[in-house]
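Trainee: Sequence:
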Amino acid sequence: MSKALHLNKLDAIRGFAAIYVLLYHLVSHLNFIPQPIKTIFFSFGQEAVMLFFLLSGFVIYLSVYKNSHITFKAYFIKRFRRIYAPFIVSILLAIAIACFNGNLLKSFSWTELGGNLLMLQDFGEVKPGNWVDPFMDNLPLWSLSYEWWFYMMFYPIYQRLGKTPYCIYFVLGLSLIGYSSYLVVPNHASFLLTYFTIWWSGVESARVFVRDGRFTYRNIQPIFFSLLFMTVIAGIPIFQEEKIRLGYFPFLTFRHFFISLLAVGIGLVWYRWKLLWFEPLLGWFTHVAPISYAIYILHYPILIQLNLSSYIPNLTISLLIKLALIFGLSYLTEIQLQPLVNRWIK
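In this text, residue positions in the sequence shown follow our numbering: the first is 2, and each later residue adds one.
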């Protein structure tokens with residue numbers, strides 16, 4: 002399989018993950034959909050984010066591998082433009098919607114804004130030790146702080162250890178230290194380190210693909226071991242809980258590592274089956290991939306927070322308008338604005 006074809010498949014998965022998160026939030030707020038349908042098919046929004054992490058690590062490695070002499074300044078500027086341009090749009094969008102709804106003063110917080118601009122936000126409702134919540138309850142923003150700091154940690158580690166076959170074990174050590182320290186003193190920085198192994202599994206997958214041109218169980222064993230190890234470690238605190246809550250720490254962290262391990266395993270099996278039925282199932286999501294990041298961070302304020310009921314009481318029409326706004330604004334942000342930002346900031 003060629004590298005171009007492989008990246009095309011990754012784009013399809015990225016597009017699928019973005020649409021799934023959108024549907025996850027949409028369906029959860031539709032009362033007429035039976036709860037069993039929601040539970041069986043639309044309960045895995047955070048698992049979709051783990052796919053984003055894996056894909057992000059893969060793509061970052063390829064981008065740096067092609068330009069091995071890139072300076073940290075150039076690398077930082079590229080990551081800054083990519084993350085912050087749509088992110089600023091999401092902040093302005095949330096403020097505009099709050100103004101439209103008439104609850105800006107109630108929902109706006111300078112501390113929250115500052116913490117989000119510094120990429121310190123997380124979804125504190127489901128875990129202890131949170132520093133700041135996503136800006137104005139735009140919940141998908143929780144993962145951006147992870148992405149940003151993964152990017153920042155990637156560069157020095159790649160420059161020092163990126164060409165060694167055991168780099169993933171160094172990252173695994175960081176995750177183990179992070180999780181251990183989090184159990185002692187819950188905090189966001191430790192949790193970032195904990196999840197670094199998931200993201201770096203994408204990096205390692207790309208390194209293996211560039212080196213060998215294919216995936217085998219043997220050449221991705223370090224990935225399996227690292228994810229399995231952290232899955233086991235993340236599962237230990239569960240036994241100390243009186244009541245297991247599937248969407249809350251510590252079970253949530255176990256879920257995240259387990260689904261990442263499962264995703265790599267399914268990916269390998271599907272790859273060895275030559276990605277049978279991939280195109281009919283996921284191929285069309287390639288068309289969504291160019292605006293997937295914007296869809297991910299812009300859909301929640303429009304879909305969930307924008308109150309149109311006073312103006313458009315018909316639910317179907319309201320949802321159609323909201324979906325049009327989501328895809329239209331995502332297109333403007335990614336296809337029209339992002340190239341301008343790339344030219345302005347160099």
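For the record, the hints were derived by calculation from the structure and aren't laboratory data.
It is possible that part of the hints are untrue.
[Said to hold, decoys possible] In silico DSBU-like pairs for lysine-lysine, Cα to Cα no more than 30 Å straight-line:
(1) K79 <-> K67
(2) K164 <-> K79
(3) K74 <-> K323
(4) K79 <-> K244
(5) K347 <-> K164
(6) K323 <-> K107
(7) K67 <-> K275
(8) K164 <-> K10
(9) K347 <-> K79
(10) K244 <-> K10
(11) K164 <-> K74
(12) K128 <-> K39
(13) K347 <-> K39
(14) K244 <-> K39
(15) K39 <-> K10
(16) K107 <-> K128
(17) K67 <-> K10
(18) K67 <-> K347
[Said to hold, decoys possible] Simulated restraints, written as ranges between beta carbons of each label pair:
(19) N102 <-> L162: 43 to 53 Å
(20) L114 <-> I41: 14 to 24 Å
(21) I239 <-> C100: 16 to 26 Å
(22) N343 <-> Q160: 32 to 42 Å
(23) T40 <-> F226: 25 to 35 Å
(24) G266 <-> G130: 38 to 48 Å
(25) K67 <-> R161: 17 to 27 Å
(26) R83 <-> P166: 39 to 49 Å
(27) T317 <-> P281: 21 to 31 Å
Heads up, the beta-carbon is just placed ideally off N, CA and C, and yes, glycines get one too.
Trainee: Could you tell me which of the numbered hints above are not met by this structure, giving the numbers in increasing order?
Mentor: 3, 4, 10, 13, 20, 21, 22, 24, 26
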